[in-house]
Amino acid sequence: MAFKKGYRKGRRMWRLLWIGVYGSLLLLLVSGCGQNADGQARVYRNDGYMGLTNTNPNLLNRSGTSYDFDMEMVGQLLKPIRGIENTQVGFNGDEMNVTLRVSRSLTDKERKAMLAEAQSLLQSNFPRYDVHVKVKS
1 MAFKKGYRKG RRMWRLLWIG VYGSLLLLLV SGCGQNADGQ ARVYRNDGYM
51 GLTNTNPNLL NRSGTSYDFD MEMVGQLLKP IRGIENTQVG FNGDEMNVTL
101 RVSRSLTDKE RKAMLAEAQS LLQSNFPRYD VHVKVKS
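In this text, residue positions in the sequence shown follow full-length UniProt numbering: the first is 1, and each later residue adds one.
Take these hints with a grain of salt, some might be off.
[Unchecked claim] Calculated lysine-lysine pairs in the PhoX-like style (CA-CA distance at most 25 angstroms, straight line):
no. : residue 1 : residue 2
1   : Lys109    : Lys134
2   : Lys134    : Lys112
3   : Lys79     : Lys9
4   : Lys112    : Lys79
5   : Lys79     : Lys109
6   : Lys109    : Lys136
Calculated from the structure, these hints are not laboratory results.
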């Protein structure tokens, strides 16, 4: 009989120990999923993404991610500017190098104005690139 009493006491102790272990794990699990009461939203105003995030790089978006599409877009944007005969576009990482072949009949003042217009137009439409524009006759 003495053996049974000790056996029951030891078994009860192990049961209480396991209840304590599982209770502690449950408490850690529940407290780990809680949120901070004083959490503040972070604002990244100058991150270059203009409010957009690309958490999945395979998502389709209107701006495109291929150099071919960007080259076509440059041609479409610069087509309405009078005096441009040909455009050449090159990419080097985050830099876009655009060379404009313009009409020889344009004055230097008109070329400078065209350069400034093309630079601002391309930089505003391609914020992910550092745009460099050159004008050649």
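Practice problem: For the pair we were handed, Lys109 and Lys136, check the Cα-Cα distance against 25 angstroms. | Solution: Roughly 14 angstroms between the alpha carbons, so the hint for Lys109 and Lys136 holds.
Quiz item: Keeping to a limit of 25 angstroms between CA atoms, is the pair of Lys109 and Lys134 held or broken?
Solution: 14 angstroms, holds
Self-check item: Restraint check for Lys79 with Lys9, where alpha carbons must lie at most 25 angstroms apart
Solution: Between Lys79 and Lys9 the Cα gap is close to 90 angstroms, so the pair fails against 25 angstroms, i.e. violated.
Quiz item: Between Lys134 and Lys112, does the CA-CA distance stay at or below 25 angstroms?
Solution: It holds: about 10 angstroms lies between the C-alpha atoms, which stays within 25 angstroms.
Practice problem: Quickly compare the C-alpha distance for Lys79 and Lys109 to 25 angstroms and report which way the hint goes. | Solution: Holds, because 20 angstroms separates the two Cα atoms, which is no more than 25 angstroms.
Exercise. Please work out if Lys112 and Lys79 have their alpha carbons no farther apart than 25 angstroms.
Key: Given pair Lys112, Lys79 holds - Cα atoms ~17 angstroms apart, limit 25 angstroms.
When held up to the earlier numbered hints, the structure conflicts with hint 3 and nothing else.
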